[in-house]
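J.: Kindly produce the complete structure, drawing on both the sequences and the hints.
Protein chains in written order, with the numbering used here: chain A, 1 to 494; chain B, 1 to 271.
It should be emphasised that the hints constitute simulated quantities derived from the structure, not laboratory data.
Among the clues, some could well be false.
Distance condition first, Cα-Cα at most 30 Å in a straight line; then the derived DSBU-like pairs of lysine-lysine [as the list claims (entries may be wrong)]: (1) A:K129 - A:K143; (2) A:K488 - B:K118; (3) B:K36 - A:K392.
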Amino acid sequence: MNTSLILLILAIIGVAGYVAGARYALALVGGISSKLHSRPGYYGSFVAVWAILPAVVILFVWLVASPMYISSSVRGAFPEEVKTQSQAEQGLSYGMITSIARGMNALTGDEIARIENNPVELRAALGAKGVALAGDPQPFMVKAAAKLNRMTFVSRILMTIVVLGASIGGGLFAYRQIAPRFRARNRVEKVVLGSLVVASSIAILTTVGIVASMLTEAAHFFTAIPAWEFFFGTVWDPRFAAAGSGGSEGQFGLIPLLLGTLYIGFVAMLFAVPIGLFSAIYMSEYASPKVRAVAKPLLEVLAGIPTIVYGFFALTTVGPFLRDISSQLNGLVTGDYANFIQAQSVLTAGFVMGIMLIPYVSSLSDDIITAVPRALRDGSLGLGATRSETIKKVVLPAALPGIVGALLMTASRAVGETMIVVLAAGVAARLQINPFEPMTTVTVKIVNQLTGDLEFTSPQTLVAFALGITLFAITLCLNIYALYIVRKYREQYE
Amino acid sequence: MNMMSESAVEKALDQKMSDASHKMIGKDVSVYYGEKRALFDVNLNVRENTVTALIGPSGCGKSTFLRCLNRMNDTIENCRVTGKITLDEDDIYDNNIDVVELRARVGMVFQKPNPFPKTIYENISYGPRIHGLSKNKADMDQIVEASLQRAGLWGEVKDRLHESGTGLSGGQQQRLCIARAIAVSPEVILMDEPCSALDPIATAKVEELIHELRANYTIVIVTHSMQQAARVSQRTAMFHLGQLVEENDTDKMFTNPDDQRTQDYIMGRFG
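T.: What follows is the structure in structure tokens.
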């Protein structure tokens, strides 16, 4: 029986258990549900949980453990000369065996009998069924494949029996526990609580796992390249070498990338912060509800545009426009129509990224400004302050810590942005300060280092992890600081 | 001639009180929130250097009327005011009147203490600063001290003027808000249930303060507490369902009101 069918049956048993449990509980008290400790539904849920949860756990453990057990027992039966081979070659053999096993399932009984002693024919027969083998199978492989099939079959049957048994057994166990004063609600709520804990720990564990894997890979990188060369190097020149050729090491200086990241982020904030803040002030303080109801969602649509689209916009519109404008300006002033702004430049990327960030700034700041208590505004207006005095002297100072927090969160987004930079500022890792020239960022270089055919053990690729962990550290610090500030701000009113 | 009997003196005072000039005059004041009418043709005069209490059950329109007096209703969407309200003969809803100037003359203290999240000093100096009432730092120090003195808060906060105003107790915060209102030298102070968020001791202090402020200011206070109205006010106005039921001397109001509804409300039969 396949797994989805088993899951379906479990679901049916669960529903049946729910109905039976609820009815039984109600019947026990003659239909007067107030005599029960919990609402009838909780008794039903209690039975359903016992019928489904242990069975599903067993099912998953079985699904994970049985292939491992079967594989080790099949490998254990390999002939001695195969066992002496390297781990990788044994793996290849095992891969072939699983292919054969899969193919044999498609063959009829006679065909298998005919082939059993003639491995060469096997390849052709399997090929006819659409299962391609990498090489000629050896006799031991056919035997092993047969064993594999046998064991898998037995395992399936056993699994079905055990899981369905556990389901029915669990359901019955729970059903028999039902009594009028039985605290079903408390039990069910414990299960719900448990599932909430599991859900949140999955999220946390994933983060921990990602960080750990980045750290280990970055550590590999730092064994090849000294950390100080990475963190303080001013030249980025990874020198792609063909796999296995060795030789040139390349230079992995973080500084040009880091400065590029911060520079482009800074220019972006230069555009996003004033526009975003002003629009937030307008939205929260001056706009009539009607305008607000239309304008705010429109502004937030900006946040929904994929960044690659902003990239197009930069590449095809903003970049050329800035370039042409600069050449016109130059022509007007000096008579020489050479452009001084490159189409791909820090300015282009910063400008477009700034537009992308406007909705973040305005939406977050709007929420924060709106959260300033009305009483404070009234207090100021009641003293004869004008609206603008109230905003400047009372509302904004009260909202300032929150706004700073919002800006820091926005900055960490700017630091992590990739697509706009690739298209708008180029990929040249240069250490310079002219905003009209191309530069590049950490994220762009990560993409660069990981695309293409590369061995995964060379510093050229491993550097991506070192870059990744550096970027992670930066954004993490920004976010923690932002959270700290926002939290401090909240305390003032609570 | 100076041997006037005590009752004659009382009488003369009462006479003076009833003749007291009307600081603010409300004529046929109606307020609409969108379609809903909250106030029906209220005619109510506020006498100078008098504490006028507005009482009535919740939702009767007394706060709405109060907020008309310095046009705080302007800050509410969909709110429309008709009728005429004058302050010293000037129509405050006239186009020539600057609402900012009006609010400087008619200050307001709110139900919940709402000090700005700034220092005590900055809380007081906020108003004078925006209205340019002080020439220099010494001047401002003088205003801050005088306002805090009047609000009876000076002794408690003089050593911590540069600490946050939100760190004070509820009662102190409310007196800080009163001091803040006084600092702009208003002529009228509106108080919207100024003691409803305070404990009895803080309430007593604020009431005492209101009593003292009467000498220099005209005060209109909205209160839910009948005892408070009786204690602090000289005139009382009773609102019910958006209408002014009765306006009278406080003493008369609480002993022998003209209107049956006032009687019932004061006796606690409804509200």
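J.: Does each hint fit the structure? Answer for all of them.
T.: Right, here's what the structure says about each hint:
no. : hint            : result
1   : A:K129 - A:K143 : holds, 19 Å
2   : A:K488 - B:K118 : holds, 15 Å
3   : B:K36 - A:K392  : violated, 34 Å
The structure does not agree with numbered hint 3 stated previously, though it agrees with all others.
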